[in-house]
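Chains as they are written, first to last, in my numbering: chain G, 1 to 154; chain Y, 155 to 308; chain W, 309 to 462; chain X, 463 to 616; chain U, 617 to 770; chain P, 771 to 924; chain L, 925 to 1078; chain C, 1079 to 1232.
These are calculated hints, taken from the structure and not from any lab test.
Treat the hints with care, as some may be off.
[What the hints assert, rightly or not] Keeping only pairs whose Cα atoms sit at most 30 Å apart, straight-line, the calculated DSS-like set for lysine-lysine is:
hint, chain 1, residue 1, chain 2, residue 2
1, X, K504, W, K453
2, P, K790, P, K915
3, L, K966, U, K761
4, G, K153, W, K350
5, Y, K299, U, K658
6, Y, K307, U, K636
7, X, K482, L, K1077
8, W, K461, C, K1120
9, L, K966, P, K812
10, C, K1231, P, K790
11, L, K944, X, K504
12, C, K1223, L, K966
13, Y, K196, W, K350
14, U, K658, Y, K307
15, G, K145, G, K20
16, L, K1069, C, K1120
17, Y, K174, X, K615
18, W, K350, G, K20
19, X, K504, X, K482
Number of protein chains: 8
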Amino acid sequence: MDPLVGILMGSDSDRPVMDKAHAVLERFGIRFESEVMSAHRKPGRVSEYASGAEERGLRVLIAGAGLAAHLPGVVAAHTTLPVIGVPLYQEALGGADALYSCVQMPPGVPVATVAIGGSKNAAVLAAQILATGDEELRARLRDYKIELSQGLKL
Amino acid sequence: MDPLVGILMGSDSDRPVMDKAHAVLERFGIRFESEVMSAHRKPGRVSEYASGAEERGLRVLIAGAGLAAHLPGVVAAHTTLPVIGVPLYQEALGGADALYSCVQMPPGVPVATVAIGGSKNAAVLAAQILATGDEELRARLRDYKIELSQGLKL
Amino acid sequence: MDPLVGILMGSDSDRPVMDKAHAVLERFGIRFESEVMSAHRKPGRVSEYASGAEERGLRVLIAGAGLAAHLPGVVAAHTTLPVIGVPLYQEALGGADALYSCVQMPPGVPVATVAIGGSKNAAVLAAQILATGDEELRARLRDYKIELSQGLKL
Amino acid sequence: MDPLVGILMGSDSDRPVMDKAHAVLERFGIRFESEVMSAHRKPGRVSEYASGAEERGLRVLIAGAGLAAHLPGVVAAHTTLPVIGVPLYQEALGGADALYSCVQMPPGVPVATVAIGGSKNAAVLAAQILATGDEELRARLRDYKIELSQGLKL
Amino acid sequence: MDPLVGILMGSDSDRPVMDKAHAVLERFGIRFESEVMSAHRKPGRVSEYASGAEERGLRVLIAGAGLAAHLPGVVAAHTTLPVIGVPLYQEALGGADALYSCVQMPPGVPVATVAIGGSKNAAVLAAQILATGDEELRARLRDYKIELSQGLKL
Amino acid sequence: MDPLVGILMGSDSDRPVMDKAHAVLERFGIRFESEVMSAHRKPGRVSEYASGAEERGLRVLIAGAGLAAHLPGVVAAHTTLPVIGVPLYQEALGGADALYSCVQMPPGVPVATVAIGGSKNAAVLAAQILATGDEELRARLRDYKIELSQGLKL
Amino acid sequence: MDPLVGILMGSDSDRPVMDKAHAVLERFGIRFESEVMSAHRKPGRVSEYASGAEERGLRVLIAGAGLAAHLPGVVAAHTTLPVIGVPLYQEALGGADALYSCVQMPPGVPVATVAIGGSKNAAVLAAQILATGDEELRARLRDYKIELSQGLKL
Amino acid sequence: MDPLVGILMGSDSDRPVMDKAHAVLERFGIRFESEVMSAHRKPGRVSEYASGAEERGLRVLIAGAGLAAHLPGVVAAHTTLPVIGVPLYQEALGGADALYSCVQMPPGVPVATVAIGGSKNAAVLAAQILATGDEELRARLRDYKIELSQGLKL
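Pulled out of the complex, with its shape left as it was, chain G reads as follows:
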């Protein structure tokens, strides 16, 4: 079956952080795909991917990037699917650059930004978003919430 969530990241070096989303999505039984594509080095690939994402059956996109972190915003420019932005930490400026570049989007094209390095929460948010139209997933989220309150470490 086709994936519902697409995970994008700007560079191979973002993998260790971004791949933490996988286990969370798997817990909720959400099919996903993951690809490295730079908004600056492969803009054509990004616009192609984002433009075709809805038709391919994807319902939520997650994009992680550091530094100027344009990837989530560029993806959002080419789709009407909800785009979750994960700003990634770098020593210089402490991640404030990526955070501001993700979150301060102009009117009309939002990026749903989570914490610096917050790829797990991006996955939880993706599940919450998909659950708005999926009662079974809502039930799984309620169970998960209970487990969280019982000490589950995400």
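Since the structure of chain G is provided, determine the placement of chains Y, W, X, U, P, L and C on it from the hints.
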């Protein structure tokens, strides 16, 4: 019919910014309700509202707050619905306080944060989220995207 | 006898910093208790604890948290006891996120914020607060002040 | 009768913000005094005031200052009473200078810092502190908490 | 004759700042064109413009944007012409968001960033760039430098 | 043959970062020279170098510096050649000091600033600048752009 | 008689702030001169002035500048006289740019930095510096200190 | 003979950074003394030291401190000697706290602030200050300036 989106804000003084979300939601034909409730002055009301939101039929919550801006996070603690956080500007610290307080949520409880003062984008994001389970709304978002590209001012 | 000070923290990983408060409280002969409870993962436990704290005999609460650091503010929302907030350091944003989230509380619900990682000072402040109604503790604080001036390392 | 709370500020120009504490203290029936004294221009007056405060019957000190904002810390250096710091806003650096100068105190000498410009909350915190040794004041704080939840504007 | 410099901006509201570049370019006799095109609302137009810029005879691109300020980076992704970024001021975050979003580009795709609101300097830089291959323009820049030293207000 | 690009840096300790520009320039077949000269310790050498750069045949200058990072601006004050500034990271202030000191130049004297530590991008930008007057170099940049999109690591 | 203090500023627009130093210097009977000279637009004038300052009898230099604020550092590069830097406020970045550019000087070439907009304190500091070799001036400073403590507004 | 420069620091842990000033002062043949005294733990010692410094023959004071970094300002409050402040780095807030606390002094009581961790420059500045009344020291500074330009590492 029951509202699908609940808009919350911490103080009456947040109304001028937060009410800009209304026209956007109306454009997409999304029913909403709006209420002032402080996470710090009426915590019981907030947990009651958030805990019961899903059962009352709400599918997305939007919460705007300034300063320490705990409202979105407190709401998110009590629901599995997606919570969109709108950090609000204050002269001291230039909105960085509200932005950090909204977005830097710990693993397990995300807040989908938009730009400082970005209530319109919160509404667009709410529409995108609801559209993941609603083909007709997806079509309306595609039309809206075209209008944006043709100069529509949000 | 019942504890007078309750120390809360959002996560087990906060223990190494927050437990530095113990020796300070012990020095002043102040009984305390300490518990991990996340404002976001166990909000019910937090509101229950904070709401019942005064009746259980607690007189000061200390809450440490990192990132969005809502715990002190959420505790303060549910009690009229003085709440001391300890913002905890994280590499990204250098602790500014936790500091702003602790200190920028809205009118009506203060959090007495100490330095980033300042759990020892939270304990000293708790002693100073309790001493406002306890002449013997005030005397102990005067002795402690003299020792500080003589080179005591806290 | 003698005042229990001393309110200090570094400059006459701090009066409009700092005097907002008066109505709050009056509501709780707490006697207070208020004086302008700069830590930098009148250091002798500050150390004299702080050193003698406890003996004169004061139980809590509130100190507001902008810029390098040393007043709260200097006061705290000369007393074992709890000192509440109110960082004051200035256009340059947006109040971050005063906030950092108030809150980042070294081990042994805490300043209980409230929000930038948060003089009302300083007064509430002073009441909470005094209430730890005063059951009647605790009752008044419980009433106040209820009024807050009913819409009382501080 | 065809323009050598293309000036882009994300929104009509950027005109008052960005149009200050015109007089500077005119002084140096550099032909230019100017267009509003949002990287987020009209991404197709931006990639089309940037991709075709070199072939149309343009030699330098200037892009101004506020908030997440992706325009300069998106333009740079689609061309090998030098791209000058002008971060634009907004009250919230004081322009730091736009500055970081412009300047913190990843390896391979630089944006030549000037000061916040620095559209005049963007024009001077464009002249300096074009002058690397144009002796006559270099002479004009030397004259201009002398006038600057004699009190010319840019 | 004479070099076209001059690379300057404020201190020997800047070499490891700044020398990353070499391979990039070599790839494009651009002759360069590199010299350590502090704007503060050898101001005469800097003004001599910058003043004579154009006549010696240099066409672009790259200047890297940390801390107050005046070197790029001082160089720009003495030449009409385009000056590319590379702000260098230091632990204290996280590179924000060097970034602000490079980029916030006053009207009339721009510095084309790249990312913190972005010496490779400074070299790419130098190539783009020289290519405005050099069709063969433009062709090489187009090839490079294609390689970037195919996974070339800069 | 020749002036002992030279006051420099980067732009005519800095006059209103920088001229506040005059009355303070006059109070202490210190002869001074004042000139506008941009480190970026008139670098030759600045190096000439700074290089010759000691021989002309000047003993302290005060330099005010905003934005990248190189003037104090460039002056310091050309003299062994003590140089006092006054960072000037601008709306974007709130003066942090000028502060960092003034104060973060590399080893060997200090700038004695005062507060953002602190031209009066620059004058007081100049008096304190000159007084290290002038007993009469030291006496005047002691009187001034007493007046400060009695309420003198600087 | 009596020392001319007094070096103070808030804590033993500041020694490694502050003691770097010694070699610089020795180079210039300037007698100095060095003492640890906390503005917060030993305020009486600090005011005694600062108040008596001039009479004891000291002519310049250097004070280093981290965090809220009140020491330089408190010293300045008690003397008319020039006070040089050295803000010290801490991981949380990256030294911005100490920098702001040192430099943002109110009118009337300047602190001559140098770079974060800039103890060597504090010593150079002390030499420059003393040289305003000492021709021989001025000559030594001119020699030193030449050596700096020849590659002397401070």
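Do the hints match the structure? See the list:
A hinted pair counts as satisfied when its Cα atoms are at most 30 Å apart, and K504 (chain X) with K453 (chain W) qualifies at roughly 23 Å. Taking the CA atoms of K790 (chain P) and K915 (chain P), the gap is near 19 Å; set against the 30 Å cutoff, the hint holds. At most 30 Å may separate the alpha-carbon atoms for a hinted pair to count; K966 (chain L) and K761 (chain U) meet this at roughly 9 Å. Proposed proximity of K153 (chain G) and K350 (chain W) is supported: the alpha carbons are some 13 Å apart, at most 30 Å.
For a cut-off of 30 Å, the pair hint linking K299 (chain Y) to K658 (chain U) stands: about 9 Å separates their Cα positions. With a CA separation close to 24 Å, the supplied pair K307 (chain Y) and K636 (chain U) stays within the 30 Å bound. Between K482 (chain X) and K1077 (chain L), the direct Cα distance comes to roughly 24 Å. Compliance with the 30 Å bound is thereby established for this hinted pair. Between K461 (chain W) and K1120 (chain C), the direct Cα distance comes to roughly 13 Å. Compliance with the 30 Å bound is thereby established for this hinted pair.
Between K966 (chain L) and K812 (chain P) the alpha-carbon distance is near 18 Å, which keeps this suggested pair within the 30 Å criterion. Under the criterion of a C-alpha separation no larger than 30 Å, the hint pairing K1231 (chain C) with K790 (chain P) is consistent with the structure, at around 24 Å. For the proposed pair K944 (chain L) and K504 (chain X), the alpha carbon gap of about 23 Å is at most 30 Å, so the pair holds. As the CA atoms of K1223 (chain C) and K966 (chain L) are separated by approximately 23 Å, the hinted pair is consistent with the 30 Å bound.
Our distance criterion of 30 Å between C-alpha atoms is met by K196 (chain Y) and K350 (chain W), whose separation comes to about 18 Å. Only pairs whose Cα atoms come within 30 Å are accepted, and K658 (chain U) paired with K307 (chain Y) is accepted, the gap being roughly 13 Å. At most 30 Å may separate the alpha-carbon atoms for a hinted pair to count; K145 (chain G) and K20 (chain G) meet this at roughly 19 Å. Simply put, K1069 (chain L) and K1120 (chain C) have alpha-carbon atoms about 23 Å apart, close enough for the 30 Å limit, and the pair holds.
Distance hint between K174 (chain Y) and K615 (chain X) is fulfilled; the C-alpha atoms sit about 24 Å from each other, no more than 30 Å. For the suggested pair K350 (chain W) and K20 (chain G), the alpha carbons sit about 23 Å apart, so the restraint of at most 30 Å is met. Note on K504 (chain X) and K482 (chain X): the hinted pairing holds, with a Cα-Cα distance of about 24 Å set against a maximum of 30 Å.
Taken one by one, the earlier hints all hold for this structure without exception.
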